[in-house]
Amino acid sequence: MNELIVVDKLVKYFPTGGGFLAGPKQYVRAVDDISFVIRKGETFGLVGESGCGKTTTGRLILRLIEPTSGKIFYNGQDITKLNEAQMRQMRRKMQLIFQDAFSSFDPRNTVFDIIAEPLRVHNLASGAELCERVAELLVTVGLEQRHAAEYPHTLSSGQKQCVGIARALSLNPEFIVADEPISAVDVSVRAQVLNLMKDLQDKFGLTYLFISHDMSVIKFLSDRVGVMYVGKLVEYAEKRELFKHPMHPYSQALLAAVPVEDPSERHERQILEGDVPSPINPPSGCRFHTRCSYAKPICAEEEPLLEDRGGGHYVACHVF
Amino acid sequence: MLRYVTLRLGYCVLVIIGVSLLVFVITHLVGNPVDIMLPLQATEEERAQLEHQLGLDRPLLVQLKEFMSGLVRLDFGLSWWQKEPALAIVLERMPATFQLVLWSFLVAGVIAIPLGIIAAYHPGSTLDRILTAAALTGICVPTFWVGLMLVTVFAVRLGWFYTSGYGTVRHMVLPVLALSIVPMGRIAQIMRFSMLDQLNKQYITTARAKGLDEKTVIFKHALKNAAPAVITTIGVDLGRMLAGISSPVEHVFAWPGFGSLILDTIQHQDFPLLQACVFVVAIIVTMINLLTDLSYGLFDPRIKY
Amino acid sequence: MMQRASAKSTGAYAPASAKNRAAESLRRLWKDKVTLVSLLFVLLVIFSALAAPVISPHDPTKGSITNRLKPPFWVEGGDPRFILGTDQQGRDVLSRIIWGGRVSLTVGFVCVAISGAFGTLLGLISGYFGKWVDTLIMRIVDIQSSFPGLLVALTFVMVLGPGMWNLIAALTFNGWMVHARMARSQVLSMRETTMVEAARAIGCPTSRTLFGHIFPNIISPLITTYVLEIARIIGAEATMSFLGYGIQPPQSSWGLMIGEGRVYIAQAWWLVTFPGVAIALTILCLNLVGNWVRTELDPLHRTRH
Numbered sequence: 001m002n003e004l005i006v007v008d009k010l011v012k013y014f015p016t017g018g019g020f021l022a023g024p025k026q027y028v029r030a031v032d033d034i035s036f037v038i039r040k041g042e043t044f045g046l047v048g049e050s051g052c053g054k055t056t057t058g059r060l061i062l063r064l065i066e067p068t069s070g071k072i073f074y075n076g077q078d079i080t081k082l083n084e085a086q087m088r089q090m091r092r093k094m095q096l097i098f099q100d101a102f103s104s105f106d107p108r109n110t111v112f113d114i115i116a117e118p119l120r121v122h123n124l125a126s127g128a129e130l131c132e133r134v135a136e137l138l139v140t141v142g143l144e145q146r147h148a149a150e151y152p153h154t155l156s157s158g159q160k161q162c163v164g165i166a167r168a169l170s171l172n173p174e175f176i177v178a179d180e181p182i183s184a185v186d187v188s189v190r191a192q193v194l195n196l197m198k199d200l201q202d203k204f205g206l207t208y209l210f211i212s213h214d215m216s217v218i219k220f221l222s223d224r225v226g227v228m229y230v231g232k233l234v235e236y237a238e239k240r241e242l243f244k245h246p247m248h249p250y251s252q253a254l255l256a257a258v259p260v261e262d263p264s265e266r267h268e269r270q271i272l273e274g275d276v277p278s279p280i281n282p283p284s285g286c287r288f289h290t291r292c293s294y295a296k297p298i299c300a301e302e303e304p305l306l307e308d309r310g311g312g313h314y315v316a317c318h319v320f
Numbered sequence: 001m002l003r004y005v006t007l008r009l010g011y012c013v014l015v016i017i018g019v020s021l022l023v024f025v026i027t028h029l030v031g032n033p034v035d036i037m038l039p040l041q042a043t044e045e046e047r048a049q050l051e052h053q054l055g056l057d058r059p060l061l062v063q064l065k066e067f068m069s070g071l072v073r074l075d076f077g078l079s080w081w082q083k084e085p086a087l088a089i090v091l092e093r094m095p096a097t098f099q100l101v102l103w104s105f106l107v108a109g110v111i112a113i114p115l116g117i118i119a120a121y122h123p124g125s126t127l128d129r130i131l132t133a134a135a136l137t138g139i140c141v142p143t144f145w146v147g148l149m150l151v152t153v154f155a156v157r158l159g160w161f162y163t164s165g166y167g168t169v170r171h172m173v174l175p176v177l178a179l180s181i182v183p184m185g186r187i188a189q190i191m192r193f194s195m196l197d198q199l200n201k202q203y204i205t206t207a208r209a210k211g212l213d214e215k216t217v218i219f220k221h222a223l224k225n226a227a228p229a230v231i232t233t234i235g236v237d238l239g240r241m242l243a244g245i246s247s248p249v250e251h252v253f254a255w256p257g258f259g260s261l262i263l264d265t266i267q268h269q270d271f272p273l274l275q276a277c278v279f280v281v282a283i284i285v286t287m288i289n290l291l292t293d294l295s296y297g298l299f300d301p302r303i304k305y
Numbered sequence: 001m002m003q004r005a006s007a008k009s010t011g012a013y014a015p016a017s018a019k020n021r022a023a024e025s026l027r028r029l030w031k032d033k034v035t036l037v038s039l040l041f042v043l044l045v046i047f048s049a050l051a052a053p054v055i056s057p058h059d060p061t062k063g064s065i066t067n068r069l070k071p072p073f074w075v076e077g078g079d080p081r082f083i084l085g086t087d088q089q090g091r092d093v094l095s096r097i098i099w100g101g102r103v104s105l106t107v108g109f110v111c112v113a114i115s116g117a118f119g120t121l122l123g124l125i126s127g128y129f130g131k132w133v134d135t136l137i138m139r140i141v142d143i144q145s146s147f148p149g150l151l152v153a154l155t156f157v158m159v160l161g162p163g164m165w166n167l168i169a170a171l172t173f174n175g176w177m178v179h180a181r182m183a184r185s186q187v188l189s190m191r192e193t194t195m196v197e198a199a200r201a202i203g204c205p206t207s208r209t210l211f212g213h214i215f216p217n218i219i220s221p222l223i224t225t226y227v228l229e230i231a232r233i234i235g236a237e238a239t240m241s242f243l244g245y246g247i248q249p250p251q252s253s254w255g256l257m258i259g260e261g262r263v264y265i266a267q268a269w270w271l272v273t274f275p276g277v278a279i280a281l282t283i284l285c286l287n288l289v290g291n292w293v294r295t296e297l298d299p300l301h302r303t304r305h
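Protein chains in written order, with the numbering used here: chain U, 1 to 320; chain G, 1 to 305; chain W, 1 to 305.
Incorrect hints may have been included.
To be verified - Result set (BS3-like, lysine-lysine): computed pairs, CA atoms no more than 30 Å apart in a straight line:
#1 W:K131 with U:K9
#2 W:K131 with U:K25
#3 U:K244 with U:K198
#4 U:K71 with W:K131
#5 W:K131 with U:K81
#6 G:K220 with G:K210
#7 G:K83 with G:K65
#8 U:K40 with U:K239
#9 U:K239 with U:K219
Since the hints were made in silico from the structure, they are not lab data. This structure is a prediction, so every number in the text was calculated from the model and none was measured.
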């Protein structure tokens, strides 16, 4: 089977409120029962507004945050059952590229130390071999050898992210979660970083979970796309299919917001009324119903389930 | 709120008992009071006799049980040195220390609070720098040495005051002055810091913009908000002073208070008296903590218990 | 991408290489004469402690009765051989101060080395692992901190007996809490950072994250604490030795000198004055240096105060 990651009914609630002796009074339902599959070699794009739970999902899959419930399967193995030591071994295969590369670095480390760290941690290389490997990685991400001795704060934002990518690659992972990797990169350089990521995927056969709120970037890089809203996965499908025929009203609004180059192809923006609901007290039934122009009475009562509407296009909606 | 206080009081009791037990066990296990009390040439017999007299030759658990049953009745036994009930001796000495400490803090506050406010009002000025330096110096200089210096100058040289003793106002001046130096420095520091913090806040700018006169701005607004931190500091320091920090000064001036009692207790290796002292200290200390915590709630309406 | 990077990285905003930072620090130090003098004084004290056998004019333990109680050389009756005078046994005060400094500094450094290491480790563990470990350790810190240090030290000494190593034990026992608090608060601020998350993501074991990444990044504010603690311990040692429970003769420490000289306060003021000045200046200068270290290592502090 070519399913690399299977996410099954993943849930994460964060406790909040409450005093020292009393228990938490409320929970932030950051990720509320989502299930999807990431295939080997593909880029699965995860979109949604800030606070929809996409970043948390990425962290959960890597078990950097512990799920409240649910399972995550990597190559058929349930990684939620692994202990700390086993998980550490697992991490060699699954890496993370951070939104803010610089804050993920130890400011006292040079670029060389940063890239070499994973190899040192897992005792995979040392001495001359280590230097060679780091040199290789620098070339792969398009940096120069002299950068190895520099401290990260002297690099540009694009270069910093390249260091982050090099670090993620050092262990030869199979799967990389890219959490908004270009949001903190200068606009003029973003395309280069994205192209680098695409090249790396072709070269090394990587699987990406690409998290972003930028639809145009998702359109460029993804093979399949999932849309999240207030902790729920509301729609996912092949990229072309989703962009051509978005079914969920929220996806429709999101896609309508993507700027289109060809003036003749431009269409009306769909402005959503109201505010994004709080994940502490989400609306009953379908979470989107409070802002949905197509809402029916059933939408407020019953939560719609993700269903295959044909050809691997999943939607959670009563109306469409 | 009531629930919180009750919980905390229970916790205080636990700490007091715990500390008393801890000191009891350690002193009885490791201490050697008999050796101190007897002259060097004492024989084994005499040592054994004294041990028996004091009840120290019994198994530890027995002694512990006796101590515990005495503790709940607040009976610490007779002081080995003075042959009087231990707790009574302690309580008898407390008023002298109270007197000393309270006057010291009064003097410290009267001087330090206005100076701290002034310094905060002119931050970075020469006056501010002098005051800050003075406050730091006050904190750094050893209290007992200040006492001795005061004695050298004002008692020995000038003869204005007594070198030691207790009874009249003239006896009190030098000890109070010596003891007040460190609190003066600390209060000045915290007053300045707190006040500066408040004066930089936006609501003060607003108050001034509204046209309020400076006096109201300072006293009615800034000072009111700066007060909690200062009061807390004063409270904690005062409590700790009562709990024995006054010892060196009391020693220098032969002031018959709780502080010098502690020193005498140590010197005489008087276990019952030590237990009574530790008990009183533990009460003072836990009470200060509780009152301080409660005072936060008093000052800050956002905190609810 | 590469060309742009070069222009940016050699641009004016990149001052932060270690060499540049050190040079700027020294420049600021030069301008701040007070701190500069303090630092020099501290270095002087350290130097004279280390070089005591060489620079001390006389043997601190030997004195002849004929030279008894000579005043400082500028006072009538003084002797230029004994610059600061002699004590009741004819020993040179200056020499005893130099050698006493050795003892006082040793106590300070040893105590802070041990309590600092222990306290920092506990603070790291407490802050990083949180939950019941944190609660437990912080509870102990709170309880132990609320008891006045002097009292704890006195009780210690009562049980173990006086002497330098027992004093070090007492002061170390009661000195770890502040380091634990400091380390913990630093770790807490680092714990939720992306850097720590990244370390986990690449598979760093906890020990490596804690000691290889977090600790080197928080060591700066810890150094301030260490310096200030050395100052405090020197003061505590002085008080204890003055009371007779610290350093014992024939060793000399500044506090002990004051204690011994106290009896002669009416006739020989210099016995009490000069050791006290040494203590006060050392503590004060260490505090000033500690404050300077704090502002140097934490740019935010600089702008606020």
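If you test the structure against every hint from before, which numbers come out violated? none
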